[in-house]
Amino acid sequence: MNSGCRAKWRQRGTNQGVDTADYINECVQMWQPCLSMIRAFLNKSFDAPLTKHGLAKESDCWWIDNTSDELVSAQDTFKCPDDYGFYPHSVSCDKYFKCDNGVAELKTCGNGLAFDASDPKYLTENCDYLHNTDCGDRAKLVLCPQRLQPVLLEPPITAPHCPRLYGIFADEAKCDTFWNCWNGEASRYQCSPGLAYDREARVCMWADQVPECKTEEVANGFVCPAAGELSNVGSFSRHAHPEDCRKYYICTEGVARELGCPIGTVFKIGDTDGSGNCEDPEDVPGCEDYYGDLDLKTIRKSELLAGLQSNGQSRNAPAPKSAASKPRPQASPRPAPQQPRPSDDSA
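Take the sequence shown: its letter number 269 is residue 269 in our numbering, and every next letter is one higher.
In case anyone wonders, no lab produced these hints; they're calculated from the structure. Just to be clear, a hint being listed does not mean it is correct.
Within a straight-line C-alpha distance of at most 30 Å, the following computed DSSO-like cross-link-like pairs (lysine-lysine) qualify [stated by the list, open to error]: (1) K121 to K98; (2) K107 to K79; (3) K121 to K79; (4) K79 to K98; (5) K107 to K121.
As the structure is a prediction and not an experimental result, all values here were calculated from the model.
Whole structure, please, built from the sequences with the hints as guidance.
Encoded structure:
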């Protein structure tokens, strides 16, 4: 065992202000030597396989059992500071106390939510997504993607596409897809063409800027024009896809990215090289029949509603029946999915 790791543990054991999470961070570079001591402290075994980076995937996270002595003690000793209010649990992020006439009732947020304790007057009862909630000192240990998070939570309850019943989760197979889970019901969202869902930022970004998607070819071999080759195009240029009317490429500083026009429109090449916009298919020669027999008015209306609900992210958009040869799609460069703020979900 590394001497620094051992000393840190002794210091923690003598109540000299060393938090478990600090200890873990101190020893993360020597993870395996410290693992046995962490096991001893928690009196549990780690079931999640360690990756080459020493951390588990989110789906493999090992969550601390809520039967720990510290958790039980906190529940038994809590006294209402006031007659009425909502107060965070001292060690559990997804639990809180509801005080009514001075009587405390232990409440638990929905699986995947945490109690939002940001109201300084403790008059607001609200459970929010874990990534939106600052759990502060309510914590012990959890192994999670890319980092260690100090959070004490209920064990996960899973459903298809939902590692927990509530939350926003990336699709494991498709970089451009993510799922909004609400009580185990998964709603599928898809980033605009050329974008991918970033698990850390929780927005859609250029696919080549998302680590999990860097190995994918994002422009299908399209090569941007050399610097100075085009005039009057500004900081970026747009270019038609050779086979799909709805798709197009955007070139920024010599990097090509594939984008797509909104459902119901196609890409129309502009009057000057490197320019173009998304237009109605009837206004683009060669692309008039791109959507076949689909009712474009209905499609555009549904797309508008989806855009208002999800801030640019389209849910399963209907696929065109046929595709003529020519252009491509639009899409806002960095659409941020509108994450519905959950109201409290008490169990």
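Going down the list of hints, with the structure as the test:
Taken as a hint, the K121 and K98 pair is honoured in the structure, with Cα atoms around 13 Å apart against an allowance of 30 Å. For the hint linking K107 to K79, the alpha-carbon distance of about 14 Å falls within 30 Å, and the restraint holds. Between the alpha carbons of K121 and K79 the distance comes to roughly 16 Å, so the proposed pair stays at or under 30 Å and holds. Annotation: proposed proximity of K79 to K98 holds, straight-line Cα distance about 11 Å (limit 30 Å).
With a CA separation close to 18 Å, the supplied pair K107 and K121 stays within the 30 Å bound.
In this structure, none of the earlier numbered hints is contradicted; all agree with it.
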